[in-house]
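Novice: Make a model of the complete structure from these sequences and hints.
Chains A and B, in that order, give the protein sequences.
Residues in the first sequence are numbered consecutively from 1, following my numbering.
Residues in the second sequence are numbered consecutively from 1, following my numbering.
Among the hints, erroneous ones may be present.
[Stated by the list, open to error] Partner residues aside, some chain B positions facing chain A, computed with beta carbon under 7 Å:
(1) His-55
(2) Thr-84
(3) Val-111
(4) Thr-114
Because the hints were derived from the structure by calculation, they are not lab data.
Keep in mind that this is a model prediction, so the values were computed, not measured.
C-beta atoms are modelled at their ideal positions from N, C-alpha and C, and glycine is treated no differently.
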Amino acid sequence: MKLSPRSIPYRALQRAGSIIILAVFIGAGAGQQTVGPILIALTVLLALIGIFAYELTYYNRFQYHLTDATLDIHSGVFNKREREIPYRRIQNVDISRNVIQRLLGIAVVNLETAGGESTEGSIRYVTVHEANRLQEEIQRRKQEDTTPDETPTPPDVLYQITDTELLLAGIFSFDPRIIGLIGLLATGSIPFVSSYFPDPTTILFTVTGLILIFTIAIASWLLGALITIFNYYGFVLTKARDELRYERGLFQRFNGSIPLTKIQTITVEDNPLKRFFDYATLTVETAGYATGQSGTEGSQAAVPIARRNRVFSLATNVEPIDHDQISYAQPPSRIRRRYIARYLIALTIFLGIAYFANTQTTTPLPWYWLLASIILIPPAAHYKWKHRGYWIGTDHIVTRNGFWKRTTKIVPYYRIQTVIDARTIFQRRWNVATIIIDTASSQSIMGRGAAAIDIDTRDADTLRETLPNELQAALENTETPTSSIDPTTTDA
Amino acid sequence: MERLHPRIQLIWIIKTLIFTGILAGAGALARMYIEIPLWAVALTVIGITLIGTMHAIARYRRWGYEIRDDSLYLERGVLTEVRTIVPLVRIQHVDSSRTPIERVFGLASTVVYTAGSRGADVRIPGLTRTTAQTIQEQLKELAIQAEGEDAV
Numbered sequence: 001m002k003l004s005p006r007s008i009p010y011r012a013l014q015r016a017g018s019i020i021i022l023a024v025f026i027g028a029g030a031g032q033q034t035v036g037p038i039l040i041a042l043t044v045l046l047a048l049i050g051i052f053a054y055e056l057t058y059y060n061r062f063q064y065h066l067t068d069a070t071l072d073i074h075s076g077v078f079n080k081r082e083r084e085i086p087y088r089r090i091q092n093v094d095i096s097r098n099v100i101q102r103l104l105g106i107a108v109v110n111l112e113t114a115g116g117e118s119t120e121g122s123i124r125y126v127t128v129h130e131a132n133r134l135q136e137e138i139q140r141r142k143q144e145d146t147t148p149d150e151t152p153t154p155p156d157v158l159y160q161i162t163d164t165e166l167l168l169a170g171i172f173s174f175d176p177r178i179i180g181l182i183g184l185l186a187t188g189s190i191p192f193v194s195s196y197f198p199d200p201t202t203i204l205f206t207v208t209g210l211i212l213i214f215t216i217a218i219a220s221w222l223l224g225a226l227i228t229i230f231n232y233y234g235f236v237l238t239k240a241r242d243e244l245r246y247e248r249g250l251f252q253r254f255n256g257s258i259p260l261t262k263i264q265t266i267t268v269e270d271n272p273l274k275r276f277f278d279y280a281t282l283t284v285e286t287a288g289y290a291t292g293q294s295g296t297e298g299s300q301a302a303v304p305i306a307r308r309n310r311v312f313s314l315a316t317n318v319e320p321i322d323h324d325q326i327s328y329a330q331p332p333s334r335i336r337r338r339y340i341a342r343y344l345i346a347l348t349i350f351l352g353i354a355y356f357a358n359t360q361t362t363t364p365l366p367w368y369w370l371l372a373s374i375i376l377i378p379p380a381a382h383y384k385w386k387h388r389g390y391w392i393g394t395d396h397i398v399t400r401n402g403f404w405k406r407t408t409k410i411v412p413y414y415r416i417q418t419v420i421d422a423r424t425i426f427q428r429r430w431n432v433a434t435i436i437i438d439t440a441s442s443q444s445i446m447g448r449g450a451a452a453i454d455i456d457t458r459d460a461d462t463l464r465e466t467l468p469n470e471l472q473a474a475l476e477n478t479e480t481p482t483s484s485i486d487p488t489t490t491d492a
Numbered sequence: 001m002e003r004l005h006p007r008i009q010l011i012w013i014i015k016t017l018i019f020t021g022i023l024a025g026a027g028a029l030a031r032m033y034i035e036i037p038l039w040a041v042a043l044t045v046i047g048i049t050l051i052g053t054m055h056a057i058a059r060y061r062r063w064g065y066e067i068r069d070d071s072l073y074l075e076r077g078v079l080t081e082v083r084t085i086v087p088l089v090r091i092q093h094v095d096s097s098r099t100p101i102e103r104v105f106g107l108a109s110t111v112v113y114t115a116g117s118r119g120a121d122v123r124i125p126g127l128t129r130t131t132a133q134t135i136q137e138q139l140k141e142l143a144i145q146a147e148g149e150d151a152v
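Specialist: Below, the structure is given as structure tokens:
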């Protein structure tokens, strides 16, 4: 198979773009010199012909074939390259198109393999039709490689973003902590500024300052909302055979698949704003490959926003969780005193810095105003404790942490890799421990995996010993599909 | 619960000594340019050496490992106590490694790898060469028996 002929002018233009810019610069610089404009024009023309010839050869030489077990790519103009990618090693086939590519009706096909570090193969560019065919075909052959003859089932639409949800996703992208930060800055800036200026200017200054800060906050929020809306425009999540597929994006269309057998943990995220309106976000984590990794950072969500109940029932499509029965065991209530102590220490350090800053300036600052935030400490400690917990289900362990960004992690027992029980010297004083449930997910690798934090030592002892047994039992009970051996991961 | 070879304490103490040696050198160098009393440098070096030595001994006393029926259990840590359970089914491969300093003292380490990377640094130090080899063999056998193909 060959690339789309339309890829020749597109590739040539892409490459020529930088050369033309360079030529303009040289031309501008050499304008007064002896080098005539004709010479420059000639060079540019030659370069363009060269580029076009190169891209034509690239097009002529580029060939890919779908064999029984591998995808073969033959390419190269000066250095020839022959690459054979076994289907079973291909994790995801992603299709992406930007605005110009969409006008031309062409697309990039990226082949991701385990590890997710680099793209194993990139086919630039084929027609949209061909891209879809390739994606279908590779997935089909990959299935055949592992489980022979399975009648293709039409994809099941799990979730399709509505306009309201898209708008909400944008609005909720706002971090409520910013309000607090602005408030702090605003109230803090009045006395600070007033100490430097006489009365009328002070008011003017503070007012303009406040307006400025406010505008910046609103602008950054709007920008964030716009980015989110562009990213998730037309988001569709479908389930087909053994994988989830998603499609999203306004200007740049993303299209990817998440194999169900690779999913390690399911994460439900929310913040106070989302909680108030009863919304949440769903993310799935696979081994070494985060959803939408090829896209922008922070676009890992499998379901950007939906009603809380819907999020959990969608999660059921991936992992059968009896979410109605979830009731969290919380850390012992005495731990709140520890959090209070911790916040007090932080506040003391803060006060110390403020005091020091005060000694360095000539005009006295009301640094002791910071002391007022002491009233926030008890509720902060309480809420930290309140949102922390874990639940042991029949097939899963669920952990929950965080107030501003509350994260609920659902780990199937059969995904547990190791169980770690850690107790710092401070935790020992309070008779508490942290149990880390390690999986092969990429989040877990970065230390953001599931953890039952600050639970009673007796509970920790039981949890530590039961989890490996649950893993053992889960592996013995479920032969398929959970234990379907995937060569990809063992290769990696 | 198995213990490490007591000689590991020497390795840890030597590591502290190397560190304090560098520190002493830096202190001596700094004294040429700025005014630091000799006793301050000496006290810091002696203090760190003492703490390091005590830590090495405490660390040795806390360290323990056990190969159970279906898992490998490790217990360690002085300030933060850590207990790790690695189910044998999850073991991907087992290495035996020897750093130059370990070679001098005739010791070796066994490193166990799983697909979860936090567990990838499951490392048992301070083993005699034969013990390290035995553990490696034993874990490999057990992991295969436990159907180690189910790695993820």
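Novice: Each of the hints needs a verdict: does it hold here or not?
Specialist: Hint check:
Here the hint on His-55 (chain B) is broken, as its CB sits about 13 Å from the closest CB of chain A, past 7 Å. For Thr-84 (chain B), the suggested interface contact is upheld, since its CB lies about 5 Å from the closest CB of chain A, less than 7 Å. Nearest Cβ of chain A to the Cβ of Val-111 (chain B): about 14 Å, over the 7 Å cut. The hint is violated. Below 7 Å, beta-carbon pairs count as interface contacts, and Thr-114 (chain B) has one with chain A at about 5 Å; its hint therefore holds.
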